[in-house]
Each structure stands twice: as structure tokens, then as C-alpha cells.
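Each chain is listed here by its residues.
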Amino acid sequence: MAALRHISRKVFTTFLKPETRPKSETCAICIRLLNYSSIEYDEKHDPAQKFFNKEVQSLLKDLTRVDLSKVNRKRKLGARRLENPEYKFMTDEELKQATEEAIQKSEELLQIPPVVSVRKPLNHVFARDPALQGLEESKMVFTDITFGIKDAERLIVVREIDGTLREAEWELKNRMNQLYFPKKGRSLKPPKMFYGEYLDNLLERKEYEFVLDRACIQFEPNDPDYQRVVSITYQHINDHDGFDYLRSTRHFGALTFFLAWHKNIDNLLLELIETSHIEEAIKLLDLFSKLQAVNYEKAEDLDKIEEYISKFSNKKAALELGFQAYKDLARQRKELEDGIKVAHGLG
Amino acid sequence: MAGQILNVTKTFQKLTISSRCKLVGTIINPFKEHELQVLNSSSTRNTNFFNKLPAHDLWKGITSVSNAGKKRGRGKNVSKSKIKDLNRGQVIGLGKANIIWPGLSAPIIRGKELVEQHQLPEDPEREKKLVQLRDQMGIVKRQKLSPIERGWSGSKMPGRSIGGPDPIGEDTFEGFDTKVLELKTVFNMKGNLGRKRRQSALVVTGNGKGLAGFALAKGNEARIALRKAKNRSAQKLMHIKLFKNHTVCHDFFSQFGSTKIFVSQKPEGHGLVCHRAIKTICEVIGIKNLHAKVEGSTNVGKVMKAFFLGLISQKTPEEIAEEKKLHLVQICKESNYFPTVIASPTECRKAQEIPKDEILDFKQYCFDGKVVLQKKKFPPFYTKYKSYEIYLKKQEKFRNQAEVKRNLIAEYGEIRSFLTDKYPECRQYRREKKVEENEEAEA
Amino acid sequence: MRSFSKAGLPFPPPSKVIRFVREGCTNRPFYHIVVAEARSDQHDPAIEQLGTHDPIPNEYNEKLTSLNFERIRYWLTQGASASRPVQELLGLAGFFPIHPRSYMTAWRNRQKATEAAAESAANVAKDANVKS
Chain A
457 MAALRHISRK
467 VFTTFLKPET
477 RPKSETCAIC
487 IRLLNYSSIE
497 YDEKHDPAQK
507 FFNKEVQSLL
517 KDLTRVDLSK
527 VNRKRKLGAR
537 RLENPEYKFM
547 TDEELKQATE
557 EAIQKSEELL
567 QIPPVVSVRK
577 PLNHVFARDP
587 ALQGLEESKM
597 VFTDITFGIK
607 DAERLIVVRE
617 IDGTLREAEW
627 ELKNRMNQLY
637 FPKKGRSLKP
647 PKMFYGEYLD
657 NLLERKEYEF
667 VLDRACIQFE
677 PNDPDYQRVV
687 SITYQHINDH
697 DGFDYLRSTR
707 HFGALTFFLA
717 WHKNIDNLLL
727 ELIETSHIEE
737 AIKLLDLFSK
747 LQAVNYEKAE
757 DLDKIEEYIS
767 KFSNKKAALE
777 LGFQAYKDLA
787 RQRKELEDGI
797 KVAHGLG
Chain B
84 MAGQILNVTK
94 TFQKLTISSR
104 CKLVGTIINP
114 FKEHELQVLN
124 SSSTRNTNFF
134 NKLPAHDLWK
144 GITSVSNAGK
154 KRGRGKNVSK
164 SKIKDLNRGQ
174 VIGLGKANII
184 WPGLSAPIIR
194 GKELVEQHQL
204 PEDPEREKKL
214 VQLRDQMGIV
224 KRQKLSPIER
234 GWSGSKMPGR
244 SIGGPDPIGE
254 DTFEGFDTKV
264 LELKTVFNMK
274 GNLGRKRRQS
284 ALVVTGNGKG
294 LAGFALAKGN
304 EARIALRKAK
314 NRSAQKLMHI
324 KLFKNHTVCH
334 DFFSQFGSTK
344 IFVSQKPEGH
354 GLVCHRAIKT
364 ICEVIGIKNL
374 HAKVEGSTNV
384 GKVMKAFFLG
394 LISQKTPEEI
404 AEEKKLHLVQ
414 ICKESNYFPT
424 VIASPTECRK
434 AQEIPKDEIL
444 DFKQYCFDGK
454 VVLQKKKFPP
464 FYTKYKSYEI
474 YLKKQEKFRN
484 QAEVKRNLIA
494 EYGEIRSFLT
504 DKYPECRQYR
514 REKKVEENEE
524 AEA
Chain C
5 MRSFSKAGLP
15 FPPPSKVIRF
25 VREGCTNRPF
35 YHIVVAEARS
45 DQHDPAIEQL
55 GTHDPIPNEY
65 NEKLTSLNFE
75 RIRYWLTQGA
85 SASRPVQELL
95 GLAGFFPIHP
105 RSYMTAWRNR
115 QKATEAAAES
125 AANVAKDANV
135 KS
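Residue numbers (my numbering), protein chains in the order written: chain A, 457 to 803; chain B, 84 to 526; chain C, 5 to 136.
Since the hints were made in silico from the structure, they are not lab data.
Idealized CB from N, CA, C, for every residue including glycine.
It cannot be assumed that every hint is accurate.
To be verified - Dumping the calculated DSBU-like pairs for lysine-lysine here, alpha-carbon to alpha-carbon at most 30 Å:
#	chain 1	residue 1	chain 2	residue 2
1	B	Lys327	B	Lys446
2	A	Lys606	C	Lys67
3	A	Lys552	B	Lys327
4	A	Lys544	B	Lys195
5	A	Lys544	B	Lys480
6	A	Lys544	B	Lys398
7	B	Lys480	A	Lys645
8	A	Lys639	B	Lys477
9	C	Lys67	A	Lys595
10	B	Lys362	A	Lys530
11	A	Lys561	B	Lys408
Said to hold, decoys possible - One side only, chain C facing chain A, incomplete, derived with CB under 8 Å:
#	residue
12	Phe15
13	Gly55
14	Thr69
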């Protein structure tokens, strides 16, 4: 099995050339990093509608493969020392109830960060008054701090040096919101870890969850910077087979959505087949069909996979090898089970 | 010529072999006597107190005190360590006069030349060296221990590790370590000897995995007492239950005599916060996180016994769950208050089966229905002073300084403002390194 | 409750004003925009804070102002007046019409700038003549 895996990987890498990777034409910022380019969800095809679809959400959640002990593992919360644990005596019913409540709570930790298209630049001008030229040597920024307004709806205007009164651009808006209404964990300037060699280093160390968590805190989901960091991280995970790092976290759904949206699920599918998670593989194909609006002719589960490999896959050889190996393994297992049954005199 | 030299060397060899003292006497004394006789006509004494008696007798005269004197308390400050060997560092043939004696302090033939006896200028260093050597004699320097080897205090034994117990036949104590808790001098009255002095050692030995034992032993010397105690403690090993191999199973209280100990379980990374004797015992047992408060007597032996009693009477989570017939569930903040089942009974009771007056609070259960008195912590006395208020006001402007500095260094690599480009003179003053100055001076 | 003078006539209600309060420290001004009673001292406790104004430009050459427009609107309906600097600021924010003084200051600044430019040009010409 291991040898087979190795061969399939080899075949795979030969296919892994930069030109086969999806490219976005409407890419606003293209910072080259580890040969990855930023892939944003552009405005032409809004992913939000499909992402917030209930069926898609449930598919994404199923693919996350939640392990409660991993979701609720001990985390360092910034305190110097861990707190004393509390012990309780519980009856069966109490334990069941407490577990159910805890599972509901951990749903919050597993909420998938929203996938939306990149925001449009703001350039609304309220007034032009050239007679104010010379009044100030710097821009004047006015922020409305009226109680109870959402950050996104807050009115922030700029009086330019030439007297123009216009709406503030996104970058300034975020800065003002963070200045007057700070959010915990977010810094006024994006930290260096999202740029250049620092991001490079983090990805090489496979600190995917850290990068994605921090990006969720720092940026809004429609921020081009957010989509750049996230897409680069997803591509790195996809190429380095780091899916296990994100399983049981809130980011796995977003990763799967990203891959399916950009028709790049082959690596994930291969990983699922190799680890014999065939149900998940089929769910992944369902997701693919939903997002790409394609229908499979055959309804049988295994046939679906075969159809996908022959029709849509970019890496046919590797997938076919892997699938064949899975089928052999399944057949052997079935034979063994039958043998045991016969031995027990049941068959 | 060659024959002459051979003769001379032969005679010298004979002289040196027969007796060195004689040689010195035969050569020096005739000269001296002649000179003295020439200078002074009066008679001189060449024997005195100092060259009549051997050195050890002379030293004895100084350092010893008569039995009667001792009883009166004399000679307390003189000891045998003050005796100095004045011959040390002295070599025959090399002396104050710095004369070269061929065949004694120098070879007879050097190269192709015959070495002649002659005097060199005096060496002032030689005398100094001798004095220094004599000064150092009798002063024994204490060996310095590395911080890891050190015990509780300086180079004293308590707290120090003395290695594992000795093997018995083929049975070896692998992974065991012994630490000294107490080493003291004890006295006993004997009928014929009077006060008899012995050393008493209390040690604890363990393998760091929950197996430990302690013993007390006496001996005439510290070394013997320690060895005895170490080997005896290995014969009295106890199994101690650990929770996840890092802490005690639950909080508990234990008492021995008037020593009371309140022990509480702590999460990983907390460390050992307790009396030093308890800390040493924990290190030997393999407990890494714990908090203990000792009340009453802090006598080491009693603290140790109380702690061991408490440890032995611990119940494992499984035992607790079985006794209560309820699930034991751990809830902690760091894991999002997720209920983790630590132990489950074979058969769980139902809510109706639990009597109303049963203790269900885990902490209360651990302390056997008692509640630990938590004393209220009062604010320090100075917080009431006006000066403290002024101090706080003055300090207020520095409240974010450290964070701002850190952020600036992270961003720019130095402490600067965005106006530094405009006003480069407004920079934090840094004293230049001295090394650079030296280099400039050299250049 | 209404208060009365010795003559039995009611006092006019104290007039409110929206104005700056200088906070910050030496060489580093920072203003709070507050509504206060007109004749009270600057640093007396104000009725309500309505915003802040930082007159020193930041790293990006921006002067930052925050204004609680809802409360400003409320106090204006209650008959509060605004001090001139506040009026100018609200004018620049587009809340009030632009204060005439802003135009005047701008015009004067432009005048000064043109004069300074002319002077420096003349100096340059002079220097050039001397050199030649």
C-alpha cells in the first residue's frame, strides 16, 4: 500500500506544473510567494450565494470530520499558567446533558468563516470646494462615533487638502474603526506575518491554523489582503498534503470550498481515497457538482468517482492508481470477512 | 686533562652518595668557622633551642596545650592545622645564596666545558614563593558545587542527591535517586565514654515514577550514616499513585503530630510550590506540579511523614468513581469547558438514588467534608498612603510604554517615531560601545 | 425644577455650548469636544462628551476627528450653540455649511504662499544678478 502511495505521489508531481494551476485574471494584488499567486473570489461570480446554501454548508461540515477532543483540546489562552481544572460528580443523564451542551458550544468554534467576493473600492465624492485650498496642510478625517452603528455602516469622511469631501477608502475605514472601536486581537497595522518571507516561513513550518486564525481576526472576509493570505495558505496546504492540519477546525470547510470552487479537488480526493474515507470522497464530489453545476450520469457511489476521474480530473493517472488500490483493498477485506463468516459457520 | 676531570667527578660522586649532610658540613663549616674566628675574638654558641630539637617537637611546643591547660580552656585558637612544614619547597643545593654546585644543583659538564662552582645574583622571587607556599599551608579551600549539585543551602548535605541505592546481589536499583532531607549530629550518653557523638541522616529515595521510600540511619561519620540510610530506604519502598504521571490524584489534607499539610493538585506547567522538603520528596517520587501549605511544626521529619501519609491514603479517580458510583468529570477553561470523563464506575447511580445529604462537591469530598479556611488577602499597607497615590499618578504615563517599544522594534527595528525622518536629531540616545572606541584608539 | 430670582421672575435657562476642552499635555494638544454650560470653566465637568479632535497630523498626514453626530444634533435642537472652532470643524465635516472664516483663512494662507513664492523668486533672481 505504501509503495503504491509513493508511486501515485510521483505521478502526481509530474502533473504538478505551474501552468496547470488555476489562474485568476481579475487578480488585483499578485504578490509572488513560494510561486503561489493570490486567488481572489471576484465579483463576477459571487461565491456567497452558493456558500451560504444549507446543503453546501452541511456538506462542508461533514467533510470537516469533527473530532471533539481535538476541537476542545487544551489551548493556551495567553495566561502565564493554566487554571485549576474543576471536577464534578455526574450521573449518566447529567453527563449526557453536559456533553450535548458542550457540543453545541463547540459548534461556535467550528463556524466556517464566510466566503464572499472581494469588495469594491469606495470613491464617493460628497462635495468639491476649491476655495478651501490652503486651509490645511493635512487631510482631515471625520468619524461618526454615534452609539449603536455597525462598523461596516459607519460614516467616515475625508476632507482632502484641495477641499474635496469624500468617503474614506477601505483601508482608512478599517483603521478608524479599529482606532475608535478596537477589536480584541486585531492590530492597527496588519502584522508582518502576512507578508513576504514571514508568511513563507510560517507556511513552511505548517502553522496553517495559526495563520488562518490570525487572518480571521485581522481582516474582514471581503478584504483583498485576507483573500490573498488565505488563498496562498490553501494552495500551500493542497500542494503539501497538509489537510490533516486543518481537520476539526473551522477552516477546513473554507478550504474545501476554495478547492471545489477552483476545480482543484484532485489532491484532496486522492487523500480521501488513500485513507479509505470513501463516503467523504463522494460528498466531496457532490460538493463539486453543486459548485460547478455539473451532473454525474451514474448514481452509484463508486461509479461517480470513476466518472469524475475520467471526465473532470487533471491528474487521472494518480487518481486511477489510488482508486484501483482502494478497490483491491476493499475486495480483499470483503473476502476476509466472508472467510471469517464461513469459519464461524454463518455463511 | 681528561684524567683529572674523571678523578674530580669520582670524588664528587662518592661524596654525594655517602651522605648529603656530611657533604654540606664538610664543605661549608670549615669556611664559616674560619671567618667567624677572624671577625670576632669572643666565643660563639652554635647550638641553640632551634637546632637542637627536631621540627615536630618544636611545633608541638607551640601548638599543644597541657591537659591542665585544656581544662582551663587554654589553647582554643591553636590547632594542628597551624603546623607548617618549612622544608616544603626547599631543594638541597638551591638556597638563598644562589650558588651553583656542579654535581648537586647543576651538571658537571655542560657541552664540552667543566662547570665551575660560582655564585649567581640573589633571586628575590624565591623567598617570596616560599613565603606564599607557607602561607597557603593549612588553609583548606571548600570545594565549590555546581548549581545543579547544590542542596538547599550552600554545600550542606540537605537537599543534595547522593545517587541510587547500592545493588543487592543481582538486583540493581535502576533509575533511582536518593536525596538527603536531614543530616545532623546527635549525642548519646554512654556509661564509660560520656557524650557519644554520632551523625543522623534522613534520606528519601525513589525512581521518579511513583516508587519511593525513606529511612533514618545513624553512623559515626556522615558518609556512613548516609549510606546506611540510603540502603535502608531502598528496603522500604512504597507505591504512590500519580495523576497523569505529573501530579497528585486529588487535593488532600494530612497531619502528623502538629504538622498539617494542605496539598492541592495543579495543572501542567505550574511547578512545585511548597516547603523545600516536600519539593525534594516530590522530585524523587516524580510529582512535577503541586501546591502545598504546611501549617504548624515544620520539622523536616514530621513534614515528610505527614506528606507520605497523605500520599499513601490517596484514591485514584477510578476508585473515587467506583466508591461514589458516579462519573468523575473534569471541566477546564482552556478546553472550552468541555466535560472530559476522567473515570467511570461499572454501574452508575441515578439522580433519585443519591441521598440529599451526600457530599457531591469534589473538593469537599477530598477534604472529607471539611472546608479549608481561605484567609482573606488584605492589600499591602502602603496602598493607603498618599505617596502611593502620587506614585501611581506618576507611573500612569508609562502604562503602555513597554508594549509600544516592543511594537516599534518589531516594525522598524528601533525605537522611533514617524517624525524621525523629518527630525533625525530626535532619536533615542545610545551610548556608543566601548569596544569600538578602543579600536578607534588603536587605529 | 425652575429657579426664580429675588424678584420672583424665572431665570433664563443656562445656555449650553459645544466647545473644545484642551486635554493632552505640554506641547501635545488634544481636544475633547463637549457640550457644557456656557459660562463654566473649560475644565469643569462637562455635561457630555461629543467627540475628540487631534490637531497634530499622524503618520499618514491625517488629522483625526471623531464626532457623535446623533448627540450633536440633539444638543443643537435643545438650543445649544457651537463655538467658532467647533463650527469650523463641523463645516469641514460637511455637517454645517462651511464657516466663512475657513474661506478667509484659506484665502489668506494662499495669499501668503503666493507672496512667499514671489519673494523667493525675486531673491533667486537677485542672487543670480549678483553672481553674474
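Consistency of the hints with the structure:
1. For the given pair, Lys327(B) sits about 19 Å from Lys446(B) by alpha-carbon distance, which is consistent with the 30 Å threshold.
2. Taking the CA atoms of Lys606(A) and Lys67(C), the gap is near 23 Å; set against the 30 Å cutoff, the hint holds.
3. Proximity of Lys552(A) to Lys327(B) is assessed by CA-CA distance (about 25 Å); at most 30 Å being required, the pair is judged to hold.
4. Taking the CA atoms of Lys544(A) and Lys195(B), the gap is near 101 Å; set against the 30 Å cutoff, the hint is violated.
5. A distance of roughly 46 Å separates the Cα atoms of Lys544(A) and Lys480(B); the hinted pair therefore is violated under the 30 Å criterion.
6. Restraint check: the Cα-Cα separation between Lys544(A) and Lys398(B) comes to about 16 Å, which is no more than 30 Å; the hinted pair holds.
7. At most 30 Å may separate the alpha-carbon atoms for a hinted pair to count; Lys480(B) and Lys645(A) meet this at roughly 23 Å.
8. For the hint pairing Lys639(A) with Lys477(B), the CA-to-CA distance comes to about 29 Å; that is within 30 Å, so the pair holds.
9. Between Lys67(C) and Lys595(A), the direct Cα distance comes to roughly 6 Å. Compliance with the 30 Å bound is thereby established for this hinted pair.
10. Straight-line distance between C-alpha atoms of Lys362(B) and Lys530(A) comes to about 27 Å, which keeps the hinted pair within the 30 Å bound.
11. About 28 Å separates the Cα atoms of Lys561(A) and Lys408(B), which keeps this hinted pair within 30 Å; it holds.
12. Because the beta carbon of Phe15(C) sits about 32 Å from the nearest beta carbon in chain A, more than 8 Å, this interface hint is broken.
13. Among the interface hints, the one on Gly55(C) holds; its C-beta lies about 7 Å from the nearest C-beta in chain A, closer than the 8 Å criterion.
14. The interface hint given for Thr69(C) holds, since its Cβ lies 5 Å from the closest Cβ of chain A, which is under the 8 Å cut-off.
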